[in-house]
Amino acid sequence: MNFLENITLRRTRSKAQPKHDSDVTASTALNDTVDSVPEMSDDESEEVKALRDQILNITLELQTAQSRIEILTQENIQLKQLNETLTKQNNSGNNSSSNSGSTPKTKSATDKKTAKNKKKKIDSNAHSETNKGMETQVTQREYDYQVRAPKMCILSTDNKNKLLDIADNTLKWSKRCHYITPHGTTQQLLRDIKEKLSDFTQEDYCIIILIGEEDFRVTKVYVDIVTYIREILQEIKHTNVIICTPTFKCGNLQ
1 MNFLENITLR
11 RTRSKAQPKH
21 DSDVTASTAL
31 NDTVDSVPEM
41 SDDESEEVKA
51 LRDQILNITL
61 ELQTAQSRIE
71 ILTQENIQLK
81 QLNETLTKQN
91 NSGNNSSSNS
101 GSTPKTKSAT
111 DKKTAKNKKK
121 KIDSNAHSET
131 NKGMETQVTQ
141 REYDYQVRAP
151 KMCILSTDNK
161 NKLLDIADNT
171 LKWSKRCHYI
181 TPHGTTQQLL
191 RDIKEKLSDF
201 TQEDYCIIIL
211 IGEEDFRVTK
221 VYVDIVTYIR
231 EILQEIKHTN
241 VIICTPTFKC
251 GNLQ
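All residue numbers for the sequence shown refer to my numbering, where the first residue is 1 and numbers rise by one.
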């Protein structure tokens, strides 16, 4: 009896076989995964790309808006600080001006009605000055305001039309003065105008009432008057000059 007949021979397993089995398993799993991913058409790819671009643009716009908001916030803070500073300076100026006045003040009926824009009369006087034989009457009326009031200078040759009283009723917002040269000529009216307006600014006004009655009586060549007015007023550039030319009844003049 041959004992080899009862022995089963088995072939030894090679070392490369597990790797081969693993590669086969992995390849099968990858193929199954690829098969399970849905296919995307070209239109769907373009739509996804457009959505991504849109999201990117919106993100950039939000970042830009945030930057602008931060800038505006800083500007708002600066404006508030400037407003507070100016308010404090204005209050300090009002307190100092109200405490420094030593001239007697009188209140009128208008003052009671306008408490916020109260005008305080501090001076009312009239005096005369003589120059080259011509008497000039000067009347000044000044008012103290909570804010700086423009100056108003009036020059005229008529002492009967009560221009200053009219100005008191219609130009209450200004500090007024009136130079009267009774029966004077235009040259006499405009003499020393530079000195009279020396402390005026671009916020002030000078009103010149032309032409005087004397010019109608004695003047023959009016071109000379116009030339003189032009030469005098051209040199005044630091303030505003208004020229008025009233109409006279020449038939009553001899």
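These are computed hints drawn from the structure, not numbers from a lab. Be aware that one or more of the hints could be misleading.
Computed cross-link-like contacts, DSS-like style, restricted to lysine-lysine with a CA-CA straight-line distance of at most 30 Å [to be verified]: (1) Lys-80 <-> Lys-175; (2) Lys-237 <-> Lys-196; (3) Lys-162 <-> Lys-196; (4) Lys-49 <-> Lys-162; (5) Lys-162 <-> Lys-194.
Label pairs and their computed distance ranges (CB to CB) [unchecked claim]: (6) Asp-199 <-> Arg-230: 39 to 45 Å; (7) Val-48 <-> Asn-76: 24 to 30 Å; (8) Ile-236 <-> Ser-92: 32 to 38 Å; (9) Thr-201 <-> Tyr-222: 57 to 63 Å; (10) Arg-68 <-> Ser-92: 34 to 40 Å; (11) His-183 <-> Thr-227: 33 to 39 Å.
It should be emphasised that the depicted structure is a prediction, and the values quoted were computed from it without experimental measurement. A virtual CB, placed ideally from N, CA and C, is assigned to each residue, including glycine.
Comparing the hints with the structure gives:
Distance restraint check for Lys-80 and Lys-175: the Cα-Cα separation of roughly 34 Å exceeds the 30 Å cut-off, and the hinted pair is therefore not satisfied. For the suggested pair Lys-237 and Lys-196, the alpha carbons sit about 14 Å apart, so the restraint of at most 30 Å is met. Proposed proximity of Lys-162 and Lys-196 is supported: the alpha carbons are some 21 Å apart, at most 30 Å. Annotation: proposed proximity of Lys-49 to Lys-162 is violated, straight-line Cα distance about 87 Å (limit 30 Å).
Between the alpha carbons of Lys-162 and Lys-194 the distance comes to roughly 24 Å, so the proposed pair stays at or under 30 Å and holds. The hint said 39 to 45 Å for the Cβ distance between Asp-199 and Arg-230, and at roughly 24 Å that hint is violated. Between Val-48 and Asn-76 the beta carbon distance is about 42 Å. The supplied range of 24 to 30 Å is therefore violated. Distance hint check for Ile-236 and Ser-92: the Cβ-Cβ separation is about 35 Å, which falls inside the suggested range of 32 to 38 Å.
A C-beta distance of roughly 32 Å is found between Thr-201 and Tyr-222, which places it outside the suggested range of 57 to 63 Å. As the Cβ distance of Arg-68 to Ser-92 is approximately 36 Å, the hint placing it in 34 to 40 Å holds. Roughly 23 Å separates the CB atoms of His-183 and Thr-227, a value that falls outside the hinted 33 to 39 Å.
In this structure, the earlier hints numbered 1, 4, 6, 7, 9, 11 are contradicted, and the remaining ones agree with it.
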